[in-house]
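Listed below are the residues making up each chain.
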Amino acid sequence: MRTAALTLALLASGCVSAQQTARHSLAVAAVALRETDEILAPRYAEASSEALGSSQTRAEYDATMRPWDAAESAERAALLALLSLESLVDAWTDSGRSFMAAAPCGLQTLSRLAQALAAVGVSLGPLSGALGALSSYAGTCHDAD
Amino acid sequence: MTPTEIARTALDVVGALIEVIRAAEEASRGEDPARVREVLSGELLTSARRAHAELEASLKFRER
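Chains as they are written, first to last, in the working numbering: chain A, 75 to 219; chain B, 82 to 145.
What the hints contain is simulated information worked out from the structure, not anything from laboratory work. Glycine is no exception: its CB is placed at the ideal position from the N, C-alpha and C atoms. Fair warning: there could be bad hints in the mix.
[What the hints assert, rightly or not] Which chain B residues stay away from chain A? Per the calculated CB distances, all over 10 Å, these:
hint	residue
1	82
2	83
3	84
4	85
5	87
6	88
[To be verified] To spell it out: a stretch of chain B is covered by chain A in this simulated footprint if at least three of its residues, at any positions, have a beta carbon under 8 Å from a beta carbon of chain A; those stretches are:
hint	segment
7	115–124
8	130–137
Build out the structure end to end from the sequences listed, making use of the hints.
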């Protein structure tokens, strides 16, 4: 809430254009996702190594790795969402309507990644920065999912 | 929430605020922010680890 208020205050003061704010928010989110990836990757490798050693069947291995695979999938979804949002910022029109409409979906994707990380006991760490940077774009995601 | 969880959440919020303030400061100085496609170029490390792990699992369980 305070982050959103700060961002809105900056916009209202005219210090930063809406488009530039969007670019900076995405940059913060991208760096946070990269840092999250650097934390998750070794933990994933450790988990898969343990699962490979302890599983007697492929099904057992898959079941053990399911939450980790979910985290990896969520991370890929977040990457695609950020790339998509950047494309919309690049194609910014007067109102930035396309970006503003899609931004809540990007935030939702990052929130899902946060949930997936929590499920495997990986600290949110840098991802909380990404959620904060995009929190001013909270709203309803109209993606059909 | 436990006191530890509350403290962690507070730290997360402070961290998020610092990131936003830093971004706003850069914006006010007119610096171009990093591009998402540059920051996240190439395959995610975790995706690479997953692909490798699934290959290992395929090899192990095909032998049985």
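Now for the hints, and whether the structure bears them out:
no.: 1; hint: 82; verdict: holds, 13 Å
no.: 2; hint: 83; verdict: holds, 15 Å
no.: 3; hint: 84; verdict: holds, 17 Å
no.: 4; hint: 85; verdict: holds, 12 Å
no.: 5; hint: 87; verdict: holds, 14 Å
no.: 6; hint: 88; verdict: holds, 13 Å
no.: 7; hint: 115–124; verdict: holds (count 6)
no.: 8; hint: 130–137; verdict: holds (count 5)
Violation of the numbered hints given earlier is absent; every hint is satisfied by the structure.
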